[in-house]
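Novice: Sequence:
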Amino acid sequence: MKFPRFFSSRINLKSFVFEITQRCNHDCIFCYNIWKCKKYPKGEINLEEWKNLIRKLKDETKVKLISLSGGEPLLRNDVVELVNFMTSEKISSNLITNGSLITEKIAKDCVDAGISIIEIALLSSKEKVYKKMTRSNDFKKTLEGIANVKQFDGKLVTVIVATKYNIKDVSETVEMAIALGSDAVMFNRFNVGGMGIKYMNELLPSVQELKNAFQILNKMSEEYGITITSSVPVQPCLIDMNEFDKLKFGYCPSGNDKSYFTVDSLGNIRVCNHSSTIIGNLKKQTFREIYENTFVDKFKQVIPEFCTDCNMKEICRGGCKASAEVCFGCVECNDPFLELNKKFVVKKRP
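Take the sequence shown: its position 20, counting from 1, is numbered 20 in my numbering, and each next residue is one higher.
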């Protein structure tokens with residue numbers, strides 16, 4: 001059977017992130033949004049332009065999932081309409097939000113529109129810690145937002161960004177998430193970028209602090225029967241993930257099929273939401289033209305020199321290349337977490 005040319009040439013990428021706005025009502029100390037650390041194009045396209053980009057991605061890739069991010073996406077008043085459109089196009093949608101703007105109406109409308117998952121940052125069970133990390137007074141509003149999602153049976157994932165400020169409270173925070181009805185918990189170590197570059201040494205948890213947290217989370221996952229994932233790479237030469245059999249760990253897909261290429265608020269494309277390099281603009285180019293940018297090949301292939309003689313290099317690829325790029329100026333540099341903890345490497349071997 002012969003397939004139409006446009007179908008057979010679609011690029012095998014299924015997940016994308018849409019940064020639909022750069023605006024935010026919080027000023028998180030750990031924020032990795034790249035427009036906070038360097039000169040970056042400002043502005044945002046309208047709803048019809050987003051719909052056109054979705055149609056284009058559907059024609060040119062195998063898109064199945066789009067995550068709506070920002071900034072704070074709910075500062076736009078057309079998120080529900082965008083979700084409705086994606087649902088009509090048979091594309092799943094995630095909403096990544098701080099939760100403070102989720103009223104009962106927004107929660108109901110999102111669920112009715114067919115939103116797949118709503119991810120809300122629940123950074124701590126302690127209001128003082130939450131305020132210190134977000135530099136906002138929205139702790140109670142975030143809890144109300146979570147309650148509103150569950151009131152209408154939305155699928156909820158609570159997200160903990162692990163820093164030195166909140167990592168010791170992880171048990172209480174997960175218990176709060178479970179009590180609020182969270183369907184799963186995402187525990188991600190602080191990944192340096194954006195605003196967070198200024199606070200790297202202050203915020204990055206130590207290897208031992210992360211290991212202690214994983215031990216706690218592993219027990220809680222088994223005890224409560226809740227899925228707990230950790231998606232920001234932690235190098236296996238620093239911590240043996242095999243010790244935590246109930247947790248699910250992720251590593252950088254390095255620009256390959258499981259990557260989540262990012263479309264910013266003006267239609268510019270980056271290889272992921274942590275990368276600072278614009279590789280093209282979807283409004284002006286085909287996705288294939290963008291995907292064939294030499295930076296994509298480099299991002300796929302490069303491994304830090306420190307990792308070249310390690311037998312686990314194909315597992316973790318050195319960690320987060322985008323964080324290395326933003327912090328040190330090159331994707332072949334060490335991930336900041338690895339750079340600060342090289343002396344603790346215990347499994348690096350030929």
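One or more of the hints may lead you astray.
Mimicking DSS-like on lysine-lysine, the simulated pairs with C-alpha atoms at most 25 angstroms apart in a straight line are [said to hold, decoys possible]: (1) Lys58 x Lys246; (2) Lys284 x Lys62; (3) Lys298 x Lys14; (4) Lys90 x Lys131; (5) Lys298 x Lys313; (6) Lys164 x Lys36; (7) Lys258 x Lys219; (8) Lys258 x Lys246; (9) Lys298 x Lys283; (10) Lys42 x Lys246.
Hints are computed from structural coordinates only; laboratory data are not their basis.
Novice: Indicate, hint by hint, whether the structure satisfies it.
Specialist: Cross-check of the supplied hints:
A threshold of 25 angstroms between alpha carbons decides the hint, and for lysine 58 with lysine 246 the separation of about 35 angstroms lies outside it, so the pair is violated. Taking the CA atoms of lysine 284 and lysine 62, the gap is near 20 angstroms; set against the 25 angstroms cutoff, the hint holds. Between lysine 298 and lysine 14 the alpha-carbon distance is near 21 angstroms, which keeps this suggested pair within the 25 angstroms criterion. Taken as a hint, the lysine 90 and lysine 131 pair is broken in the structure, with Cα atoms around 38 angstroms apart against an allowance of 25 angstroms.
A distance of roughly 16 angstroms separates the Cα atoms of lysine 298 and lysine 313; the hinted pair therefore holds under the 25 angstroms criterion. The suggested pairing of lysine 164 with lysine 36 holds, with an alpha-carbon distance near 22 angstroms, which does not exceed 25 angstroms. Of the supplied pair hints, the one linking lysine 258 and lysine 219 is violated, its CA atoms being roughly 29 angstroms apart against a limit of 25 angstroms. Distance hint between lysine 258 and lysine 246 is fulfilled; the C-alpha atoms sit about 22 angstroms from each other, no more than 25 angstroms.
Proposed proximity of lysine 298 and lysine 283 is supported: the alpha carbons are some 24 angstroms apart, at most 25 angstroms. With a C-alpha separation of about 42 angstroms, the suggested pair lysine 42 and lysine 246 falls outside the 25 angstroms cut-off, and the hint is violated.
Hint compliance for this structure: hints 1, 4, 7 and 10 are not met, and every other hint is.
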